[in-house]
Amino acid sequence: MRVALFLTCVNDTLYPETGRAVVKLLTRLGVEVDFPMAQTCCGQAHYNTGYRHEAEPLARHFSDVFGEYEAIVTPSGSCGAMVRELYPRMGERARAEGRGDTLAATLAPVVPKTYELTEFLVDVLGVTDVGAYYPHTVTYHPTCHGLRGLGLGERPRRLLQAVEGLELVELPGADECCGFGGTFALKNADVSAAMGTDKVRNAESTGAEVLCAADNSCLMHIGGTMTRLETGMRPVHIAEILASTEEEPAS
Amino acid sequence: MSGTFVGMPAFPKAAHEAVGNQTLRANLRHATHTIRAKRANAVAEVSDWAELREAGKRIKDHTLRHLDRYLVQLEESVTAAGGIVHWAADADEANRIVADLVKETGESEVVKVKSMATQEIGLNEALEAEGIRAYETDLAELIVQLGKDRPSHILVPAIHRNRGEIRDIFTREMSEWGRPAPEGLTDTPAELADAARLHLREKFLRAKVGVSGANFMVAETGTLVVVESEGNGRMCLTLPETLISVVGIEKIVPTWRDLEVFLQTLPRSSTAERMNPYTSTWTGTTDGDGPGTFHLVLLDNGRTDTLADEVGRQALRCIRCSACLNVCPVYERAGGHAYGSVYPGPIGAILSPQLRGTASEIDASLPYASSLCGACYEVCPVAIDIPEVLVHLRERVVQGGPVTREGNKVVLKPAKGHGAERAAMRAARWAFDRPGALRAGQRLASRTRRLHPRTLPGPGKAWSATRDLPAVPAEPFRDWWQRTNGGTTDEGTAK
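Line by line, the protein sequences are chains A and B. Remember, our numbering sits 93 above the position in the first sequence when you count from 1. Remember, our numbering sits 1 above the position in the second sequence when you count from 1.
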């Protein structure tokens, strides 16, 4: 099977190790991965901040780049939800504004083919044990767009539970937002910081070494708060845990 | 809406105070987490909750689509049952109607059932200006009124107060308003409730005029419905000679049968009760039973304009259960007052900027008072997609666009103060539209990474004040991909 990796602009720029982990993991599972070099950004930051018209060309660009692939895999619940949930809505809005079906028709092909990584592993490849080894205590934070937007449910936890050596501990208040929320972190910095602090304190109370999530944006906010609060915990993207093996362990 | 909220600062500034208030944070955290857990249990007991939610949504959408027809039907039914219907386009008109009706009775005081509509129009203050005193009889509203405070929650307006604070308010203020608090009042719930009961009973027995809102109005029979937990509402609805109900026009349901859905979803969503303790219904007037005169004031106050917006209109489905407040992480930290309206929390963030417009600082900031986590949508018993409406209203703020105001179509200009953001968004879009430009930017960031500051200037300052910035890697992914041919060749480090 040949899939396109939609890494997301944030991961590409700031978290290349997550991208390398996805490539390693999928290749190990017999998937042929391509990274279309023309990919950029899904437009979520624009859309969610109120600049829908600025997001439209980015969505079109996404469809141009990824439209021909059998499946598109992304290690981000948030960007995955943008394509699956909000691209159809953008098409509907354009139609309601009297601009016809062109945008909807352009975006339609990519919508059903886009999968968040854990969803792709469990639903498409049908695996929960990916042969990973990660001898650490981990707590899992389900990010909001993955949890409520895509409905990832227990998939990430099932994948983590199957990892050899990994001890999964429950995070109190797991379903509560960490307070990142894209531009929310800038526009409502006080509330965002208070939410982040509570999330980190809850994580700390588990005694885990690692807080894991399927979105680096949330991990950037949580991790930045962790180091500032000097917790000694570290944020790790789920792809890096799943890619880790006894021969090539991730830290 | 209420004049008390005029000139509120933008949400982030108002929230700043609340975030720093440890007592408030603790009160809110305790209250919201308790009710949150109870609600989840109460909802889990119902096997067909998803169907009930869908049914509630459909009934409301259907009614809103045919609101003109059902309003006329309601007016006919209420009139036939002996009631008198008044139409109020805005808050001023509604207040004037109610004040005139009270004056006609020759009375100078009224007892009130807890009502969001009368809070929204600032009725108490308007009556005060006409020399009429309005007594709130709901326990939480009483606490707010005695404390010269503002409500901070739809269902529990005094949620921000703890028992000790309530004892102090009762002891200090009750005598000003009627029967004083008993000597040596403690902060046990039973004693506080008893003090309120004694204080209020005098008012119920004396008042000749009652003022209420309604949770529902049934078009086919002209029946109004109030659901409550304390029974004080029923006292106000039955004892006075004259009853005046002020109700938003969106509160209609077509038939009695439709109530079945909401009488299940509302109590479980709001108080986590299987059924609310008191359900009062009244249809016009009946000789020798209840008020002899009944007035219904149908309130628009921005609702028709909201109905004209095809994305935003779903806010009018709201049955005021406040489940969205109780799960909202932003509400939990910012408190209800920061929303600058009687409708706080996620529903307030979408309702206020629609009912009032986005011209003021507070109203323009409300659509941003959310991390879009979606918890509000998940719990909403009428499936209002609050995040969708928030984003829609953000668009209205930053890009402007067509809206309906007082029945006229107008095109809003983009709000001021978003120029830099707009420019940044456009620049980002430009770069993202050109992979080469993105790549050049990434490379520049990587090559200069040792020079990057630990803190950010401008709008980014708020970020680096409480969080460490991520370090920029030596090599963006796409360069690694190209250099190693997709990870198949040399895995060496970046140059």
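Take these hints with a grain of salt, some might be off.
Claimed, not checked - Beta-carbon label-pair distances, calculated as ranges:
id, chain 1, residue 1, chain 2, residue 2, range
1, B, Asn409, A, Pro181, 51 to 59 Å
2, A, Glu190, B, Glu110, 49 to 57 Å
3, A, Glu178, B, His453, 31 to 39 Å
4, A, Arg251, B, Gly185, 40 to 48 Å
5, B, Asp93, A, Glu263, 25 to 33 Å
6, B, His31, A, Glu247, 46 to 54 Å
7, A, Gly325, B, Ala425, 56 to 64 Å
8, A, Glu185, B, Arg202, 53 to 61 Å
9, B, Pro403, A, Glu247, 21 to 29 Å
10, B, Lys410, A, Glu263, 33 to 41 Å
11, A, Glu247, B, His453, 56 to 64 Å
12, A, Pro181, B, Asp150, 27 to 35 Å
To be verified - So these bits of chain B aren't anywhere near chain A, every CB distance computed over 10 Å:
id, residue
13, His17
14, Gly289
15, Ser372
16, Asn409
17, Arg423
18, Ala466
19, Asp469
20, Trp482
The hints are simulated quantities; they were obtained by calculation from the structure and are not laboratory data. Beta carbons are placed, not taken as given, at the ideal position from N, Cα and C, and that holds for glycine.
Here is how each hint holds up against the structure:
Distance hint for Asn409(B) and Pro181(A): a CB-CB separation of about 32 Å, inconsistent with the stated range 51 to 59 Å. About 53 Å separates the C-beta atoms of Glu190(A) and Glu110(B), a value consistent with the hinted range of 49 to 57 Å. Here the CB-CB span from Glu178(A) to His453(B) is close to 34 Å, well matched to the stated 31 to 39 Å. Evaluation of the 40 to 48 Å hint for Arg251(A) and Gly185(B) yields a failure: the beta carbon distance comes to about 59 Å.
Restraint check, Asp93(B) to Glu263(A): a C-beta distance of roughly 54 Å breaks the suggested window 25 to 33 Å. For His31(B) and Glu247(A), the Cβ-Cβ distance of about 30 Å falls outside the hinted range of 46 to 54 Å, so the restraint is violated. At about 35 Å, the beta-carbon gap between Gly325(A) and Ala425(B) misses the expected band of 56 to 64 Å. Taking 53 to 61 Å as the suggested C-beta distance range, the pair Glu185(A) and Arg202(B) conforms, at roughly 56 Å.
For the pair Pro403(B) and Glu247(A), the supplied restraint of 21 to 29 Å is violated, since their beta-carbon distance comes to about 44 Å. Taking 33 to 41 Å as the suggested C-beta distance range, the pair Lys410(B) and Glu263(A) does not conform, at roughly 53 Å. With their beta carbons about 39 Å apart, Glu247(A) and His453(B) fall outside the hinted range of 56 to 64 Å. Remark: the range hint 27 to 35 Å for Pro181(A) to Asp150(B) is contradicted by a beta-carbon distance near 45 Å.
A Cβ of chain A approaches the Cβ of His17(B) within 10 Å, the least distance being about 5 Å, so the stated non-interface status is violated. At roughly 54 Å from the closest C-beta of chain A, the C-beta of Gly289(B) stays outside 10 Å, upholding its exclusion from the interface. For Ser372(B), the requirement that its beta carbon stay farther than 10 Å from each beta carbon of chain A is not met, with the minimum near 3 Å. Distance to chain A confirms Asn409(B) as a non-interface residue, since its nearest Cβ pair spans about 20 Å, more than 10 Å.
A Cβ of chain A approaches the Cβ of Arg423(B) within 10 Å, the least distance being about 7 Å, so the stated non-interface status is violated. With a closest Cβ-Cβ approach of about 7 Å to chain A, Ala466(B) is found to fall inside the 10 Å limit, against its non-interface label. The Cβ of Asp469(B) does not lie farther than 10 Å from every Cβ of chain A; its closest approach is about 4 Å, which violates its non-interface assignment. Its closest Cβ contact with chain A, about 5 Å, brings Trp482(B) to no more than 10 Å, contrary to its assignment away from the interface.
Going through the hint list in order, the structure does not satisfy hints 1, 4, 5, 6, 7, 9, 10, 11, 12, 13, 15, 17, 18, 19 and 20.
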